[in-house]
Structure formats: C-alpha cells, structure tokens
Amino acid sequence: MQQKDSYPQDVVGVGDGTGDALLAELVEHLRENRPQLRDTWARRIVAAHLLTAMTPEEMNAETQSVYDNYVDVLETGSVEALSAYARDLSERIIPRGVETYEVVGIVLLLRDVLARSLFEKYRADVGMLNQVLDVYEPAANRIANTVAVSFVDERERVIRQQQAALRELSTPALPVRERLLILPIIGVLDKDRASQLTEQLLNAIRKHRAKVVVMDITGAPEVDAVVANHLVGTVDASRLMGASVIITGVSPTIAQTLVTLGVDLSKMNTVGDLQGGLEEAERLLGYTVTRQEGIA
Amino acid sequence: MDGPALVSILRQGDTLVASVHTALDDSQMLRFQRDLVEQIGAQRARGVIIDVAALDVLDSFATSTLCDIAEMARLRGARTVVVGIQPAVAFTMVRLGMATPQFEVALDLDDGLEMLSADSASPAPGRRG
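Quick note, the sequences are listed as chains D and A, same order. Residues in the first sequence are numbered from 1 upward in steps of one, following the numbering used here. Residues in the second sequence are numbered from 1 upward in steps of one, following the numbering used here.
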C-alpha cells in the first residue's frame, strides 16, 4: 500500500549515532512542550478553516492523539507504526466528512509548528539547528506523505466497496408474467450504471425469453444526454432481441430534459405510469386480467 | 460451387431455416445470400428464418447483407425473420448505428416460427387464448 522503501536513507546524520542522539533530544523536546505546541497547532488549524466538520471537543481529542502518534513515529521511525497510524487516522476521520486537503493540511501545519519550535530552540546555534533539521525534515515529510497516501487509499477502498455494493443491488429485471419483465430504475443513473443496466437487461431478456419489458423510471431523479441516448440504445438493442420496451413513469423534469436535449424518442413506447405500462404489456402479450366477483 | 456450404438451409413446411454456424467473411456472406435467395424460389418458401445465435459479431457488412436478403426474399414472396441475436451483438449493433435494420427479429427459432405462422392471421406477436 505505502511506498515503504522509496525514501532515501542517506540523509546526513540518519542511521549513525549522532542522528539517533539528536532524534532522542528532539523527541524529548516535543514531548516536554506538548501542551503549548499542540495548542498553537490547534489554533492554526482553526485559523486555516480546516476540520470545520468537527466539534471543538472532537478536534481537541483528535489533535491530541495525532500529536502523540506523530511524535511516536518520529521517535521510532517505524514504517509499520506509521502506516498503522495513518490508516487508523483515516478510518476515524473519513466518516466525519473530512476532505483530503484538510488531512494533508493539518499534517503539514503540525510539521511547520514543530519545525518552528525547533528553530526557536536552536536558533543560537545554526550548525546544531541544521543537524536537527536534517533529522527532522525527512522524517516529517515521510509522515506527511504516508498519511496522505493512506488517506487516499482508504477513501478509494471505501469507494470501491460502495461501488461493489451498488452493482449488487442495481436494477434487477423481474419476471412478472411469462415473457414479461419489469425493470424498475431507482436512483441516479450515471454512465456506468446505465451500461450495466443494458447488459443485465439484455441477458435477462434472453434468460426469461421476454417479449415485453416495462422499464419504470419513476425512481430516477434525472437523466443527462449521455444516459438518455444510452436508454434509447437499450430500447433498440432489446428490439433486436425481439423484445419491445415500454417506458413508464417519465417525470415532468425528465420529459423536459429529454425534449430539450433533442433525444429522438419517436420510436419509444411510453405509458404514463407502471400500472398503465403493465396493462399495455398484457395487451401486447394477449393476456386479459379479470376480477372475480365477491372477493375482497 | 466453391467449397462446402457454411450455412445449412433446411426446409420446415413452407419456411426455410438457415442456421449460420460460424462467422462468415464477406465473400462467404455473399455466397450465403445467393444460395438462400435461390432456395426460396426452388422450395416455394413463404418465410425465411436466419438463425445467428452462434455469432458473437455482426459487422456492418453482415447486417447490410441480411437487410439485402430480407428485401430480395420479399421480392420473391417470402418474409424474413432474423433470430438469436445475442445481447452483446445487439448492443454493438446499436452502438455502430445499425439499430433499425429492415428485417424483422425474434428472440429464438421458436419465436421466429411462431411469428411466421401467425403471419396471415394477426400481425401482433400475441398469443391469444
């Protein structure tokens, strides 16, 4: 998941005894000054209008744990701890609607706040400051990078999961009578879902040997030109397989969109609502439904 | 003639059933057209069913040849139904802008035969009780 090995390790001071000693000193400094540094950081987050979706208490808790983790990772330099920390952070804050720029923003702010405090501490000794920054900067950048990558990875994982879930429950073609299918379309139709719908419908036509399909779009809030043309294509393809499609439940908005977009609907068989569509389908298939007297 | 026929043309009552078993190149397609149109007269067929269920591609030439066959058959007094267009083929045809060919279609051989036998009685594909 993370590019663990792609960071150069040949930075001055890292890996030898001096680097380790400096790092220990640095970590101790950051632990000692934790209250005011974390405070400065939190103030800068607010000033930068980041994490606006969180309450002050949540933000307080999160900044404390992020700060401690950050210092821990600086201290140990362990990639595993770093990845685990980044994943954990992402998992906690993604559900709160935190955006990528905010996550990257707060980590970079923390990096800057800490760098500023190191600068304060060592300003008298420029040589020492340089050595400390040599140790600090690569580690800090590595944290920022890993957190950003993990955050994006986590988001993509969530998106993939949701897409898979959507595919599962997407547009079932339901047989209601012999050779008659109903295809209710609920929710927004985008390009991917529309082509998936076509595939499922054509396969269902073959499987159920359907002659008439009632496509009900009452539950679709809107369509754009691409999707509308795709639906027309679906109707044409169904016809090539010997099935006629009746479209029902065209909302006023969709009717306006379709006509305004100039989609050629002259060959579309549309009926006002699902009930009318079913009656028309039954007529096409030669069914007559009669109600028996004396029941209900 | 030139080689064995790649399409079997069988007679069923006054209907000819042509099953395309394998993808045909352009010259084979033309030979199929010639054979079929000849048979329509020889067998005094009233209907033609072309079964393309085995094909996973129908290119523009094949589609236009099918249209030509339908038109020639009509001139020789027979009605043509193409059956067994696969989902992927149907969708590709639509994407290539060949969505409204001149020939009639039905889902499979069964439906095609039913369609032709209902011919004179009622044009609707219905099944009246």
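Rather than coming from a laboratory, the hints here were simulated on the basis of the structure. No residue lacks a Cβ here, since even glycine has one placed at the ideal position from N, Cα and C. Watch out, some of these pointers could steer you wrong.
Unchecked claim - Chain A is nowhere near these chain D residues, computed Cβ spacing over 10 Å in every case:
| # | residue |
| --- | --- |
| 1 | Leu108 |
| 2 | Arg193 |
| 3 | Glu199 |
| 4 | Ala237 |
| 5 | Arg239 |
| 6 | Gly242 |
As the list claims (entries may be wrong) - Covered, in the sense of this in silico footprint (three residues per stretch, anywhere, with C-beta under 8 Å from a C-beta of chain D), are these stretches of chain A:
| # | region |
| --- | --- |
| 7 | 82-96 |
| 8 | 103-116 |
Enumerate the violated hints, using their earlier numbering and listing them in ascending order. 3, 4, 5 and 6
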